Amino acid sequence: MRERARHDRTTIYDVARLAGVSHQTVSRVINNELGVAARTRQRVLDSIQQLGYRRRSAARSLASSTSQTLAVLSTGGCSYGPSATVLGIHRAAARHRLAVLSSLLERHTASAVPGALGLLLAEEPMALIAVTDDEQAAGTIARICEQSRTPYVLTGATPPNNELAPHASVRLDQETAGQEAVEQLLARGARRIGYIPGPRFSADAQSRQVGVLRAATQHGIPLRRLPEGDWTVKAGFRIADSLRSDEVDGIVAANDRMAIGAIQALQARGVSVPGEVQVIGFDDGPEAALVDPSLSSMRLSFDLLGVMAVRAALDLTRGTASDVAIRSQFVERGSVRTTRTSLARIGDRRPAAV
1 MRERARHDRT TIYDVARLAG VSHQTVSRVI NNELGVAART RQRVLDSIQQ
51 LGYRRRSAAR SLASSTSQTL AVLSTGGCSY GPSATVLGIH RAAARHRLAV
101 LSSLLERHTA SAVPGALGLL LAEEPMALIA VTDDEQAAGT IARICEQSRT
151 PYVLTGATPP NNELAPHASV RLDQETAGQE AVEQLLARGA RRIGYIPGPR
201 FSADAQSRQV GVLRAATQHG IPLRRLPEGD WTVKAGFRIA DSLRSDEVDG
251 IVAANDRMAI GAIQALQARG VSVPGEVQVI GFDDGPEAAL VDPSLSSMRL
301 SFDLLGVMAV RAALDLTRGT ASDVAIRSQF VERGSVRTTR TSLARIGDRR
351 PAAV
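In the numbering used here, the protein residues as written are 1 to 354.
Keep in mind that the hints are not guaranteed to be accurate.
As the list claims (entries may be wrong) - Computed spacing ranges between beta-carbons, pair by pair:
| hint | residue 1 | residue 2 | range |
| --- | --- | --- | --- |
| 1 | E276 | R143 | 49 to 55 Å |
| 2 | R39 | R91 | 31 to 37 Å |
| 3 | H23 | Q329 | 48 to 54 Å |
| 4 | L87 | S27 | 23 to 29 Å |
| 5 | A38 | R318 | 36 to 42 Å |
No lab work stands behind these hints, which were simulated from the structure alone.
The structure presented is a predicted model; accordingly, all values stated were derived computationally and were not measured.
Where a beta carbon is used, it is the ideal one built from N, C-alpha and C, also for glycine.
Based on the provided sequences and hints, a complete structural model is requested.
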């Protein structure tokens, strides 16, 4: 109790003095506003954690008295998948008349998780939803939630084994999506398939790769594993541009942007897409339908992921832990040819829809 009282007496000015910034800067960090340099933001978050600062707010009062507030921490920045997931969370929470406190961190900022999470948990939410595919960040989130006994839901990264805090997992079935992407190319006559993987830190990228490799093994085809990309169009262009003209007749890229970059590189060299090389991406983001040729993609239901995460959080408050995998859907567009072979003949192992 004495420790809690000391934390409650810590003010925004104490944080500012320790971080060496103005109290206005601390306020901008607390409210997750733009205009604060990354190093400065991290210094403020570190000071908040060190001092155990807890802000007093109407939201905290609401959370502690009625437990109708969800906390959301995303480490995906403004990327399409995390943003769409967070939007789905907000929409679902509104339908359940829940308030939402959100903190959005840029990618590669796992070190900022403790400070940002401390601010959210200080509001005493009914549960936390973590939108992250970063295993390091997920581990930190799980550890801190365990310490505070806060129920939490992970969307993407693997939940740790623990019994200290109720937790649930809601994820997209990335492995099956990776397998189906390869099988869709096989059904259209491709036999020399290259794969552009995503970053090693991403659990989503690794799961997609598992599915891609599994499909290649099961169907006995060689798979050209290309250099790792960083989710950007530029990376996809660079990687595809390094291929020999006859090296592949199909490419699976771990996301749409890298797939679009690959198409651009092939076209720049006079390679016909889909005539000579067929291309499939992941996400089915808005840009997939806007390029020429339009991009075939494994549609990942990020909005539904957010909806199901809210449902899982509510279930946790009722004593039920969920473990949900949401299947993907193949969206055929101009970057692949007409189907030559029935999927049933090469093994359609998709699970039942959620």
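Each hint tested on the structure:
1. At about 50 Å, the CB distance of E276 to R143 agrees with the hint of 49 to 55 Å.
2. The hinted range of 31 to 37 Å is satisfied by R39 and R91, whose Cβ atoms lie roughly 34 Å apart.
3. The hinted window of 48 to 54 Å between H23 and Q329 holds, with their beta carbons roughly 49 Å apart.
4. With their beta carbons about 26 Å apart, L87 and S27 fall inside the hinted range of 23 to 29 Å.
5. Range check, A38 to R318: about 39 Å between beta-carbon atoms, so the 36 to 42 Å window is met.
Every hint from the earlier list agrees with this structure, and none is contradicted.
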